[in-house]
Amino acid sequence: MARKISIKEAIHEALDQEMARDPRVILMGEDIVGGAGSPGERDAWGGVLGVTKGLYAKYGERLLDTPLSESAYIGAAIGAACCGMRPVAELMFIDFMGVCFDQIFNQAAKFKYMFGGKAETPVVIRAMVGAGFRAAAQHSQMLTPIFTHIPGLKVVCPSTPYDCKGLLIQSIRDNDPVIFCEHKALYGLEGEVPEASYTIPLGEANVVREGRSCSIVTYGMMVHRAAEAAATLAREGVDCEVVDLRSLSPLDLDTVIESVEKTGRLVCVDEANPRCSIAADISAQVAQHAFGALRAQIEMVTAPHTPVPFSPVLEDLYLPGAKQIAEAVHRTMSGAKG
Amino acid sequence: MAVITPIVMPKWGLAMKEGTLNTWLVEEGAPIRVGQAIMEVETDKITGVVEAGDAGLLRRKVAAPGQTLPVKALLGVMAGADVSDADVDAFVAGYVVPIAAETEDGGAASSYQFVAVDGIRVRYARRGGGARRVLLLHGFGGDLDNWLFNIDALAEGDTVVALDLPGHGQSDRALPGRTLGDLARFVTRFLDAVEIPSVHAVGHSLGGAIAAQLALDHPDRVDSVALIASAGLGEEINSVYTEGFVAAQSRRELKPLVEQLFAKPDLVTRQLLDDVLKYKRLDGVSELLSELGGGLFPHGRQREQPGRRLGESGKRVLVLWGAEDRIIPVKHASQAPPSATVKIIEGAGHMVQLEKAGEVNTLLGKHIAG
Chain W
1 MARKISIKEA IHEALDQEMA RDPRVILMGE DIVGGAGSPG ERDAWGGVLG VTKGLYAKYG
61 ERLLDTPLSE SAYIGAAIGA ACCGMRPVAE LMFIDFMGVC FDQIFNQAAK FKYMFGGKAE
121 TPVVIRAMVG AGFRAAAQHS QMLTPIFTHI PGLKVVCPST PYDCKGLLIQ SIRDNDPVIF
181 CEHKALYGLE GEVPEASYTI PLGEANVVRE GRSCSIVTYG MMVHRAAEAA ATLAREGVDC
241 EVVDLRSLSP LDLDTVIESV EKTGRLVCVD EANPRCSIAA DISAQVAQHA FGALRAQIEM
301 VTAPHTPVPF SPVLEDLYLP GAKQIAEAVH RTMSGAKG
Chain C
1 MAVITPIVMP KWGLAMKEGT LNTWLVEEGA PIRVGQAIME VETDKITGVV EAGDAGLLRR
61 KVAAPGQTLP VKALLGVMAG ADVSDADVDA FVAGYVVPIA AETEDGGAAS SYQFVAVDGI
121 RVRYARRGGG ARRVLLLHGF GGDLDNWLFN IDALAEGDTV VALDLPGHGQ SDRALPGRTL
181 GDLARFVTRF LDAVEIPSVH AVGHSLGGAI AAQLALDHPD RVDSVALIAS AGLGEEINSV
241 YTEGFVAAQS RRELKPLVEQ LFAKPDLVTR QLLDDVLKYK RLDGVSELLS ELGGGLFPHG
301 RQREQPGRRL GESGKRVLVL WGAEDRIIPV KHASQAPPSA TVKIIEGAGH MVQLEKAGEV
361 NTLLGKHIAG
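Chains as they are written, first to last, in the working numbering: chain W, 1 to 338; chain C, 1 to 370.
No wet-lab data here; the hints were simulated from the structure. Certain hints may be false.
Derived lysine to any residue pairs resembling SDA-like cross-links, with alpha carbons at most 20 Å apart [to be verified]:
| id | chain 1 | residue 1 | chain 2 | residue 2 |
| --- | --- | --- | --- | --- |
| 1 | C | K278 | W | K262 |
| 2 | C | K278 | W | R173 |
| 3 | W | K262 | C | K280 |
| 4 | C | K280 | W | M300 |
| 5 | C | K45 | W | R173 |
| 6 | C | K255 | W | E258 |
| 7 | C | K278 | W | E195 |
Sequences and hints are given; from them, build the entire structure.
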């Protein structure tokens, strides 16, 4: 079968193949080449975790090392996108998005609307998300819900190398701004990935595991924890379906509702903080559109409403695990209409 | 000496490592005849029925429904009434799952291989070592895994080669041309590359039309022809399927189309659909299939019908069809040359070689043996 590569390699390969295919694709970010001012070979760094290493040798000046000024280079990437380029900006950690909100929320997300559909902003902003990396409160957040709140932005958060490559290529070819969220704890995860280029449409969820008793809807690293919980539950005779949303905007609510109509039960799992989270959104939409299908209360499993702790013990407790997911499934299995 | 025959987890296709026993279709103590459906097994690709290879009495169900077990694991035991329960117990206790064949012969003979043919990289599988050579040609949008349930059965007596046609499966996404003549010529170049002088050509759907064209254009390369739910015997083809298959981008669009291929749509597993989607999402596949389909069967009409002229070739011809084929009408079987052996198989759709594998394998085996 196909060869196996890691998520990190899948991202690299997607960038490489799109740069080879389309000269308008450029990369911008901090230290994505050699790190401005660093001594020695220009291709020394390849980004904070080495994702872009080797691309400078192939594409030269189409990779731009930027100053440590997110507001400047995210704005430059969005401007370049409006002028016909297809920039992929790497923001390192999604936690740094705060200083670029005007560029993203008020400019990139609004151009198509405010220019009567005539302007396109084909920019991708890649950023690492998630906890478990011992990187403390300012480098560990799952800020996906902040971006799904804004009309005009597309938001993607893959869980496997296969999905990562196909979704990143689709994001680069998409004509709207895409926030591409990469879970830093999954970079080493390996899986089968075709060598050729391929795309996965944005807005299509993936049913990772089929089941009849309860739907677990999630995305990102939590997909793996949900699958682990489902495997444990299967041994106890509880047959869970696991839905990986993959894209958070647009959202494949049809697949979620189809699943809930089959199982009658829903557990939403989200690594984000609970208030106004993806889990809260899915729960609300299912309650509104498929209330009649529910046989018991919806359960949510999320991080607590706190910053991500730096203490490794507390950080591990902060992240929802397979055990909490299984407990939530048990609660809804024994809830309401039984 | 009393004979004890193990019933083991089958190996369907090169990638299968394990399967799940869904249900037993016979009871303990029941007599079993050769070819009888004895159990249903589910793999990540497809659910299939296991047919008995030997006759006997089912003495013991070793595996329970729902159990997932490796290939060749012991599922049940057949033995005559004269064998004692103690001997059956001893056989079950002493059974060791054989190491998969791949590791025994170094993997070379059983894994997929690649060869360059006219600049196009082609994936193929070569199985068995018999003197007769059999070439399996899959259909439009398919790949060599369409022969999942056939390749190993046929390889018991013959050398079997199955390829991914150009633009299909894991072969390069390129076409050697848009006519059946171009494709048949490419097949001869492939046979040159794998050093096979002539073959019993077995084709499914579009692959059948290529097999027929091969027999007409290159008669020295063809020993006999077997056409399964074949194109090239009549005009009509289900354009809702062929055009929908090319256009479908999501699982939701694809599922009802792929289900049309089977008499029993619940054979279509999530993994089967995922595999088709993974192929269709590769850059260039939609355009390539659109070009190929547009050239060969525009607007639901097959442009070329070489099967109707097969009588001229003087080759032995076998025609098999699923009675419930929804892609190419089963009535096209009557357009085969008068000398052909024609067999309509009940309870099967277009993918008859998957749905009624045992019956198809038996008929193909007899046909190839002559």
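Checked hints:
Under the criterion of a C-alpha separation no larger than 20 Å, the hint pairing K278 (chain C) with K262 (chain W) is inconsistent with the structure, at around 26 Å. About 18 Å separates the Cα atoms of K278 (chain C) and R173 (chain W), which keeps this hinted pair within 20 Å; it holds. For the suggested pair K262 (chain W) and K280 (chain C), the alpha carbons sit about 28 Å apart, so the restraint of at most 20 Å is broken. Taking the CA atoms of K280 (chain C) and M300 (chain W), the gap is near 36 Å; set against the 20 Å cutoff, the hint is violated.
As the CA atoms of K45 (chain C) and R173 (chain W) are separated by approximately 31 Å, the hinted pair breaks the 20 Å bound. At most 20 Å may separate the alpha-carbon atoms for a hinted pair to count; K255 (chain C) and E258 (chain W) meet this at roughly 14 Å. Restraint check: the Cα-Cα separation between K278 (chain C) and E195 (chain W) comes to about 12 Å, which is no more than 20 Å; the hinted pair holds.
Of the numbered hints given earlier, the model fails hints 1, 3, 4 and 5; all others are met.
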